[in-house]
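There are 2 protein chains.
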Amino acid sequence: MELFRRALAAGLLFTAVTTVHADEGMWLFNNPPLKHLKEKHGFSPDAAWLEHVQKSSVRFNSGGSGSFVSPNGLVMTNHHVAADALQKMSTPQKNYLRDGFYATKQADEVKCLDLELNVLQSIEVVTDRVNAAIKPDMSTADAALARRKVIAEIENESKEKTGLRSNVTTLFQGGEYHLYRFKQYTDVRLVFAPEEAIAFYGGDPDNFEFPRYDLDMCFFRAYENDKPVKPEHYLKWSANGAAENELIFVSGHPGRTNRLNTVAELEYLRDRQYPMLMARLNRLEVLYSSWGARSAENARRVRDDLFSVQNSRKARKGGLAGLLDPAIMGRKMAEEKALRAAVAADPKLKDAVDAWDRIAKAVEKQKTLAKESNLLEGGAAFNSQLFGIARTLLRAAAERPKPNGERLPEFRESGLSSLTFQLFSPEPIHDDLEQLKLADALTYAAEQMGADHPVVQKLLAGKSPRDRAAEVILGTKVKDVEFRKKLWEGGQAAVDASSDPMIALAKSIDSEARSLRKTSESEVSEVKQQAYAQIAKAKYAVQGASTYPDATFTLRLAFGLVKGYEEDGKAVPAFTDYAGLYARCKSQENRPPFELPERWFERKTRLDLKTPYNFVATADIIGGNSGSPVINKAGEVVGLIFDGNIQSLVLDFVFDEKQARAVSVDSRGMIEALRKVYDAGPLADELSGKK
Amino acid sequence: MELFRRALAAGLLFTAVTTVHADEGMWLFNNPPLKHLKEKHGFSPDAAWLEHVQKSSVRFNSGGSGSFVSPNGLVMTNHHVAADALQKMSTPQKNYLRDGFYATKQADEVKCLDLELNVLQSIEVVTDRVNAAIKPDMSTADAALARRKVIAEIENESKEKTGLRSNVTTLFQGGEYHLYRFKQYTDVRLVFAPEEAIAFYGGDPDNFEFPRYDLDMCFFRAYENDKPVKPEHYLKWSANGAAENELIFVSGHPGRTNRLNTVAELEYLRDRQYPMLMARLNRLEVLYSSWGARSAENARRVRDDLFSVQNSRKARKGGLAGLLDPAIMGRKMAEEKALRAAVAADPKLKDAVDAWDRIAKAVEKQKTLAKESNLLEGGAAFNSQLFGIARTLLRAAAERPKPNGERLPEFRESGLSSLTFQLFSPEPIHDDLEQLKLADALTYAAEQMGADHPVVQKLLAGKSPRDRAAEVILGTKVKDVEFRKKLWEGGQAAVDASSDPMIALAKSIDSEARSLRKTSESEVSEVKQQAYAQIAKAKYAVQGASTYPDATFTLRLAFGLVKGYEEDGKAVPAFTDYAGLYARCKSQENRPPFELPERWFERKTRLDLKTPYNFVATADIIGGNSGSPVINKAGEVVGLIFDGNIQSLVLDFVFDEKQARAVSVDSRGMIEALRKVYDAGPLADELSGKK
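Protein sequences, first through last, are from chains P and W.
Residue 367 in our numbering sits at position 367 of the first sequence, with consecutive numbering throughout.
Residue 502 in our numbering sits at position 502 of the second sequence, with consecutive numbering throughout.
Don't take every hint at face value.
For chains that are exact copies, the list does not tell them apart, and a pair is met inside one copy or across any two.
Below, in silico cross-link-like pairs of lysine-lysine (DSS-like), each with a Cα-Cα straight-line distance of 30 angstroms or less [as the list claims (entries may be wrong)]:
1. Lys479 to Lys633
2. Lys479 to Lys658
3. Lys365 to Lys38
4. Lys159 to Lys586
5. Lys486 to Lys38
6. Lys518 to Lys149
7. Lys477 to Lys570
8. Lys463 to Lys337
9. Lys88 to Lys676
10. Lys463 to Lys230
11. Lys458 to Lys365
12. Lys458 to Lys371
13. Lys361 to Lys458
14. Lys658 to Lys159
15. Lys463 to Lys658
16. Lys371 to Lys361
17. Lys350 to Lys88
Don't read these hints as lab results, they were simulated from the structure.
Because the structure is a prediction, the values reported are computed rather than measured.
Okay, chain P solo, but in the shape it has when bound (with noise of 0.2 angstroms):
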């Protein structure tokens, strides 16, 4: 209570019921903010330069943004992005990932073992058809069951039209539904990458904080039938970059956001599931890090998995302290008291006037299903690449002879392309790593559901965690590609005859698994989607403008200034240069996280130290666009995002645009590196049009 009022006297309650006025918002392709972008920046993208865009943008299905940026397949990216498929590619000998890359002719490009990427096509707004499939006086079973079916349907017929990958995509929680359809492209091959020391200079450390010093890109090439794509759409470089205060565009896949959200969600995310989630972070992050000292060898096989942990309890640790902060849960709890008043007081909105109680209920139900939920149907009590291949392959067998809108939904026609390319990946598995996963995931379980629990019992058989995995591990053939296929070919005969361990472990569990995310989508997600769909009518009808949904991974564009920011009462400028960057080695002595690559020494002086480097704008961005281009009113590259500084950790919550900043590569820098320290100019003739 105390917080709602300092709310209310701060005016928060203001801002929050009448249209936005800030460069906020992670925008739909289909409806672009552009009365505000006329209004505030008298800039007024037309049709052609929104679909130009989209279609210059890519998204890495690993996890992340980039874009076409050459006429010839070029795709750039973050270093941190293409980590997954750099480590894929490396060996014990070629060390992609950490010693970086470059193939000074198109023959020398390497092919990435399973990188899919996808360019948006088409949207297609497809609620009433999505929504006219649930009945009033359905059951939320039967309801979600329902929504199932129609969605299948949707994608299926878009597929057979188009022979694009469609997806219906949830928008505002349950309020609307997309129809999406890429262009899929599976034949990537990697131009050039930089050390990882440079890329991802400053570490943990330095992640997600600014004044930033990292080289965080990477390019490849898209190819069909052996030969470099020729993209309809791509986009050219800006020779000048961005300056202070110019408004810039950022295009790209924001994975997940939370700020529409009811105050009993964000509650629930505070007290609990962050919790929990920060928890398993930290474990894996001492696993991880404990186990990757050991040895060199050891330290390469986990650095990925390191990587995506360490980033991600940074980045949630800074969520949880926005969900703790007064401030903001007090502005939380302002909008919704709002939201709820004016609903209470139309008449026409009564259908929605418990919404917030429904989800409040669900998420109690949430509560007694989440620990077991995430363990067996999250998959947090069999951390193992091969149990993840097993499970498929198990569930595959049950799930392909249904009807296609039956299925759970990853068996759907519409993604098996996709599934399959995965699933049959050549990537190499370590035995050693996936032991040491598997026993500390065993181990897991048995914490949180005591070691007496019948289902733990199951799992471990009688053995000790460490023993129970090895067994497992060592004994299952999924790793065989080849083996898998079988599996996969064969159905549910091959399933039901197959002695392996893994897959057999897998079984064990799978019917209190499936039971669990039952319970979950009929009795939790079903009843959330109905309810967010009715408050984000009451919201419409209340505050009429229009808005942005939360993040999904799917497209969005994004805008803001360049612009720096006041911390602790010291101006932080805009951007960084060459000269800050051995500043800071220096200061730091040199050691790792902030050691520089020998070549960055011995090319010291032909650099000219005053290239702008990194900068920030106040653009609404959050993980899963990293990646992105950061593009001019013309359309040009000025820069690629990388990163949120510590103050956007809140972003997820609540946009600000006081300090919060996204930071990005500037194209200069990434020109004068390629040309001055790697001898890359080709690739920067390519990138630069000058070829």
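Add chain W to chain P, keeping to what the hints say.
Just chain W now, with coordinates in the frame of chain P:
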């Protein structure tokens, strides 16, 4: 049940209830295993031998063991036991912990800020007197108070009579009470420490591993009246060290084991306490290591905290793995079942029949208290030295005016001199690290109890954890030793009048914290103590044999053979040598934590690379034994305990001599390094008695 049958089948039950045949045990000096030593090893240490070893042994109050090793008060321990003292005397300019130190003459020896050493002078059994104070019709709350009173009385009488620090120790979980009298030394000076990089060679990855290559030694000198102590007893040095299969003894202070715990308690440890502790250790490890990585000075400030956490994490992880090993838990269940059957069959033991059930009931109560107790009384919600100081001052004001027997035990007269020695320590306390720790601890409290919990609201006082931590850390004056003294001397009136924010924070939750402690004492500890006393009696009646109590950080005598073991089918030899050190460094490419200090390369050719360096023995030790001398039958130093191998981590619960080993630095390796690498001939001479 399956477990139980397996254990029976393996014949474990038989060995469990008969006399100990292995070289097991952390024996009391007033009840040494004379019969076993004579029968198995043909050696009969006499009273003089025992007294000599006892009085040469030194307890480090900061947590560890040591011994007098020269007639001039030289004290030997581990570098990692000394780390707390080394850290406190260090500055950004002079890093004793990292860089080591050697005082070539006594005048250069550096006084520790707050290191207290204790030497055990005598043991008196006071079980009957303690038990006589407990009347059968007393409530457990009254019994707990009566126990406290009689213990205070005994301690006070002893202190007045002898002038020695006098502590009554609970042994056999409540089966016996012994009065220990110690000589205290508080003027302790640093003589020699090697660099951390060689003392803790291999760092966390090699911690608890073998083969091993650590020069984990440190030498202090005890002073009285500004002159080196001439101890009545000290250990002579063995020129020849120990040989394979030689009988050796370890005299030191094992901290804690849980071997006599009932199965209900072990299950509680396995399913609740260890998981809770591990989660917190993982959290702190990530917190400290990520903060330490930000700069060299951060790393220096947090070094000792980080080491403690990593060390505990690795030890507890091994312990938990033991509890999750069906073979170990099966053995425990079998032993308990057999003892209960024997008790049930003997009418004389009827008092003990339901002792196990009473413990199980107390454990159920403990479950309901654990989380909040750990946070509020255990201090997990206030991970801050300054908070600890504030709470001590607050409670001292309330406790000291009370009759001695009614005080909280830590404020008994018998402990006040040690308490104030610590409380008024001028050790450096860093605001930045304190803020980091307290903000995290307040976040942890919010996560554990929910941010809306009234206690959490009280702790946070309407602020975010970060802001609240900054407010109290930057605002408190308890960092000033003179201020502490004023509050200590001013008592309740001074504390009441103080508006210090840290004192206020401690005050704000003191009634909750004390109440949790009181409930825990009367409904958990006292119930257990009474039940364990009955089990101990029953056990004695049934098994007859003399035995040893669980470890309690009191002086114990362990013994065993210098002996290698087999691991994954390969023989692990008992000794490593200096050649092995250089080989390990090479195979790890000299990268941290396998990097050798420069002088080790410079002096390599001087060293006899065949000198024994580290070795293993079967002696029964556990954490707290670090720094214990390893001595031969002649009472000479042949080594210095510094670790156990990974297989020894289950020793918390069961002894094993198949693979579990104590790891030591060899006396010959120490002398070789002192003379050839550190030019510390005079110190080597003093140790060798050549002076």
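Against the structure, the hints come out as follows:
1. Lys479 to Lys633: neither (49 angstroms within a copy, 56 angstroms between copies)
2. Lys479 to Lys658: neither (50 angstroms within a copy, 35 angstroms between copies)
3. Lys365 to Lys38: neither (45 angstroms within a copy, 66 angstroms between copies)
4. Lys159 to Lys586: Classified as neither: same-chain Cα gap 56 angstroms, cross-chain 58 angstroms, threshold 30 angstroms.
5. Lys486 to Lys38: Neither, since 58 angstroms and 67 angstroms both go past 30 angstroms.
6. Lys518 to Lys149: within (15 angstroms within a copy, 60 angstroms between copies)
7. Lys477 to Lys570: Result: close only across copies, 28 angstroms inter versus 59 angstroms intra.
8. Lys463 to Lys337: between (53 angstroms within a copy, 22 angstroms between copies)
9. Lys88 to Lys676: Within one copy only: 29 angstroms inside a chain, 48 angstroms across chains, cut-off 30 angstroms.
10. Lys463 to Lys230: Neither. Shortest intra-copy (56 angstroms) and inter-copy (56 angstroms) distances fail the 30 angstroms Cα cut-off.
11. Lys458 to Lys365: Answer is both: 26 angstroms inside a copy and 29 angstroms across each meet the 30 angstroms cutoff.
12. Lys458 to Lys371: both (17 angstroms within a copy, 29 angstroms between copies)
13. Lys361 to Lys458: between (32 angstroms within a copy, 28 angstroms between copies)
14. Lys658 to Lys159: Neither, since 44 angstroms and 64 angstroms both go past 30 angstroms.
15. Lys463 to Lys658: between (55 angstroms within a copy, 20 angstroms between copies)
16. Lys371 to Lys361: both (17 angstroms within a copy, 26 angstroms between copies)
17. Lys350 to Lys88: neither (54 angstroms within a copy, 66 angstroms between copies)
Going down the numbered hints, you'll see the structure goes against 1, 2, 3, 4, 5, 10, 14 and 17, while the others check out.
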